[in-house]
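Trainee: Residue-level listing of the chains:
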Amino acid sequence: MRLRRFVAALALVALNVPSGVHAERSSAVPARPDDKTIVHVLNRAAFGPRPGDVARVREMGLSAWIESQLRPDRIPDVAVQTRLAGYTTLTLTSREIAQDYFLPMIEARREAKKSAVERSETALAAEPGEAAPPRAKRGPGMGMRSVIAELTAQKIVRAVYSERQLEEVMTDFWFNHFNVFAGKGQTRIYLTEYEREAIRPHVLSHFRELLGATAKSPAMLFYLDNARSADPSFAKLAESRLAYVEGRGMSGAGRHGMKATPEQIDQVRKNIPTGINENYARELMELHTLGVDGGYTQQDVVNVARALTGWTIAGPRRPDAGQFVFNPRMHDRGEKVVLGHRIKAGGGMEDGEHVLDILASHPSTAKFIATALVRRFVADQPPASLVARAAETFRRTGGDLREVMRTILTSPEFFAPEAYRAKVKTPFEFVVSALRATDADVQQPFPLERTLQQLGMPLYFCQPPTGYKDTADAWVNSGALIGRMNFALALAANTYRGVALGDPLPDRNQTDADTAVALFLSDDASDGTRATIHKATSAAQVVALALGSPEFQRR
Amino acid sequence: MISRRVFLRNGGLALVSLGFAPTFLARTAAASPTRKKLLIAIFQRGAVDGLNVVVPYGERDYYRRRPTIAVPRPGDGVDGALDLDGFFAFHPRLAPLVPLYKNGTLAVIHACGSPDSTRSHFDAQDYMESGTPGVKSTDDGWLNRTLKAERAADASPFRAVALAPALPRSLQGSAPALAIGQIGQFGIHDGAGGQMLGASFEAQYSAAADTVLKGTAHEAFDAVKLMKQADPTHYRPAAGASYPASAFGQALKQIAQLAKSDVGLEIAFAETGNWDHHVNEGSTQGLLATRLDDFGRSLAALVTDLGERMSDTVVVTMSEFGRAASENGNRGTDHGHGNAMLVMGAGVKGGHVYGKWPGLGQDQLYDGRDLAVTTDFRDVFAEIVTSHLGVIDAGPIFPGYTVDRRNARKFMA
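Residue numbers (this note's numbering), protein chains in the order written: chain A, 1 to 555; chain B, 1 to 413.
All the given hints hold, so there is nothing to weed out.
SDA-like cross-link-like pairs, simulated, lysine to any residue; straight-line CA separation at most 20 Å:
(1) B/Lys-214 to A/Ala-472
(2) A/Lys-184 to B/Asp-139
(3) B/Lys-228 to B/Gly-181
(4) A/Lys-113 to A/Gln-264
(5) B/Lys-136 to A/Gly-291
(6) A/Lys-469 to B/Ala-166
(7) B/Lys-214 to A/Arg-554
(8) A/Lys-535 to A/Asp-524
(9) A/Lys-113 to B/Gln-285
(10) B/Lys-214 to A/Ala-422
(11) B/Lys-410 to B/Thr-386
(12) B/Lys-214 to A/Val-476
(13) B/Lys-136 to A/Gly-294
(14) B/Lys-225 to B/Ala-203
(15) A/Lys-236 to A/Gln-264
(16) A/Lys-36 to A/Glu-418
(17) A/Lys-113 to B/Asn-328
(18) A/Lys-36 to A/Ala-419
(19) B/Lys-136 to A/Phe-461
(20) A/Lys-114 to B/Asn-280
(21) A/Lys-113 to B/Asn-330
(22) A/Lys-36 to A/Arg-58
(23) A/Lys-184 to B/Asp-123
(24) B/Lys-136 to A/Tyr-468
(25) B/Lys-136 to A/Gly-467
(26) B/Lys-349 to B/Arg-406
(27) B/Lys-214 to A/Asp-380
(28) B/Lys-136 to B/Phe-122
(29) B/Lys-136 to A/Ala-474
(30) A/Lys-469 to B/Asp-139
(31) A/Lys-184 to A/Glu-278
(32) B/Lys-349 to B/Gly-86
(33) B/Lys-136 to B/Tyr-401
(34) A/Lys-535 to B/Met-196
Where chain A lies over chain B, by a calculated footprint (3+ residues, C-beta under 8 Å):
(35) 134 to 145
(36) 161 to 167
(37) 174 to 182
(38) 212 to 225
Don't read these hints as lab results, they were simulated from the structure.
Positions of the beta carbon are idealized from the N, C-alpha and C atoms, including for glycine.
Throw the hints in and build the complete structure from the sequences for me.
Mentor: Structural data, given as C-alpha cells:
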C-alpha cells in the first residue's frame, strides 16, 4: 500500500503537479488497472469507451489519462472542429443570432399574420367559388429552429467525438446545474453563447467565475426573469418617459430616431417591470449554490433579489443589444442584509457581485456542489466520506473545480466495487455511449435529437430550472426502456437515419457474440445476457442485444 | 374488445404454462377483477379563449368589448351561440356537446384559474401541471401524485397513460406512467428479427440481477404483450362514434380503446394545441371555431365510444389561463386570466354552469383587463379526485395549498 502511494506520488510529481497539494492525500488510482476498471473510468469521466480506448488508456497509464483530461486546453481536438465546421450559428454572438435569425422570424411572422388577416378578409369578402390564395409553405421561424438544432447537434457531436471527454461531461453537468429552458420566449437567442461563453470555458476553473458568468448571461437573466426585476421606483420613471413620448404625438424624433406607434407604446408599457422579481434570487440560492436546506430565509431571497436589480439585458436599440448591462435606474440602492452580511446602501452593480461572493464562499455551497458532483460521478447515494472530502477541497481551494474533480476521480470511493456500474445511464449517456462503442459515423445528428426527445430527455428543453434528475428513478420507466431497445435495434441494423455503422465487430478470432460481450460489456455480463447474445443469428442482432442489455444501461 | 378475463383464459394461462406469467396478471387472477375508476385529463395548450367557448351572452360588456369577435346571442342569426342556462351559451361549433349538457353528463365551471399572475404560457402550464402555482422547483406533477395517493395493489403498466410523444409534466414523478405516441406502435420494432429479439431482450432482463431494471423491464414487456392482445389496428369504435382524423381525435380514440380493453387504465392524458389566438380569432367562423369543431366532435365521440364505461369515468378539460376580456387591435385576444373548465361523466351534476361569475365590468376585471379567477383550479381537481377517485386527503396532491371542502363548487355528486 505504501509502495503504491509512493509510486503514485512520484507519478504526479513527474507530471509537474505541485506535490504540496497532494502530499497529504493519496491517490487511489490503481497502477495496474484491469479492463473493467479502465472501462469504469471511461464510463464516468468520459461518455464510454470507443474501440481501442481501453488499450490506449492502459498504455498512457490511468493516472496520466485522468490528469490529462483535467487539462483539456492541452488536448488537441481536430476531429470535432472538422465535424462542426459546417454549423454556422455556433460561433455567432447572441446579437448576431437575433439580427440574422430572430428578428427576420418576427418580421416574417408579422408579414404572415398581416397577409393572413388580409387573406381571410379577402376570403370573407370573396364570392362563393373564388379560391383563396395558397398558404406559404415554409413557415417563419425555420431560421431560429436551425439555431437550436445546431446547438443540439453540436452537443451530440462533441460528446461522441471530442478528445476532451471530461470537459464535455462537465459541460453537460454544469449546463444542467445552471439549467436554462430553450422553450421560453427569446431564451434560444442566447443559448448558443451561454454554453459557449458562460459554461464550457469555466467547467474546471473556479466556481465563482462560473457562477458570475451564468448570473450575467442574458440566457439566465431572461429565463429566470432577473432582467425584468426592478426597484418599484423604476416603473414610475419609465411610465413618465413613455407618457412624454406619447404626448409628443409619436412624431418620431426620439433619442434613437424611433417612431412609436400606439401599439408599440402599449407593448412597451405592458413590459415595464413593475417591481422586484424574486425568481432568480430564489433559484440562485436553492438550486445553484446553497441548496434548499442551505440556511437561507425568505428575507434573504428578497434581499438577494434587491441586490441584483439592474442586472439586465441591453435593449434592441443599443449598440450592446442582447448583452449583459447594468441599468442603475432599475437598481435598489438601499441597504440589504444577506445571510448575515450587511451590504451598505448606495451601491450599484457591486451589490450583486458581493452577493455572489457571499454565496460562492458559503459552507453550504461547498457541500451542495460536492454532493451533486459525487452523485454524478460515483453513485445515486453519494458516499458521505467522499462528499466531505470534496467539499473540503472546494473550501480549501476557494472553489477550484479542477481540484475538486481530482479529489473525486482519484478517490477510493470512486474505485470501490460499490461504484462499479452503480449509475443508470441517462438517455443522452446511453445514446452517446452506444455511438462511441460502435464507432458510429454521425452524419446527421438531427434524428438523434428526436430520439432523445422520445426517450424523455430533449436537449436544452428541460423545463424547470432544476434541470434533469441525476438518479435512476428519473430514467427507468417502461416506455423509455422499450425506446432504448428500439434504438439499439435500429442502430445495429444500420437503419437508423443519419448514422452509419461500419463494422462494429472486428474479427478477433472468436465468435461475434464473444467479441460483443468483450467490447461492449467489458466481458462482464450475466449468464442470461450471454446466452441470449449467443443465440443471435446475425452480427446486427448480436450488437443490438449487447447495446440493449441491462448491463449496457449502466455505467 | 378484450377484457382481462378473456386474456387470462386465452393468453394468460398459456403463458403460465411456459413459466412466463405476466406478474400483474397473476396477482389480479387471485383478486376479483374490479373495474377501475378512470380520470381523463385534457390540456388545451396555448390558453384557449374561454369567453368565446362558454359565452356570457347575458353580459352587455361582452359585446361592447368584442365588436368583431363576439359570438352572437342565441337565436341571433343562423349561427348564434347555443344556449345553456339563459346567461351562458356554447360556441356554435360545440353543438355536439350540447346534448351532454342537457342530459346532465357535462358541467361547466367558469372563471377558474390560477392565483399566480404570470401570463407566460411556459410558466403557467408548468404551474397547472405541477399543481403548485408560483413554485418552479416542484419535481413531479399533480396526476403523478394522484397515482401515489391511491396506490393500487395490482398496478398495471397501463395505470397511467399519456397519448403524447413525451410524458407531460402532470404525469412526471416516481409513480410509473407511460407516454405512448401511437398504441399500435408500442413494442419492440423487430423488423426482420420477428418476435425473436423482443423475446431475447425479455429473457436478458428477467435473468438480470439488477432489480431496478429487471422490474421495470418486466412491466414493459407485459405491457407490450397486453397491447398486442388488444389488437389496436383493428379497433372499431362503439355505437357509431366518429372521431375526427386529427391528432387529438385519434388520441381520444386510443384512450377509449385502452379504457375499454380493461388493461387497468386509471389516468389518461391528452393534449391539444393551437389555441393561442392573438390575431384573427374569429367568432362563429375562423381560427377558434375550427379548433372548437375538432375539440367538440372529438370529445363527443369519446363519450359515445366509452358508452357504459362512462359510468366509471370523468373527463376534465383545462388550459393554462384564459384570454383578455376585450379584443385587441388584431381581431384577436391577448393573454388573460380566468377560464372555463369542462367536466363530464360519472357523478358529475351536469346541466349547470358552476362557479362565481365575477362579471366583465371595468371594476370587475382582473388587472383591469381579464376575467377574474373566482375558483382555484386546484379546487376543481381536488373535488374530482376526492369524489370520483376516492382519494381521502387531497392535501399531498397540492402541496402548499389547503384544500378546503368549503371551496368546492359541488359539481360532483
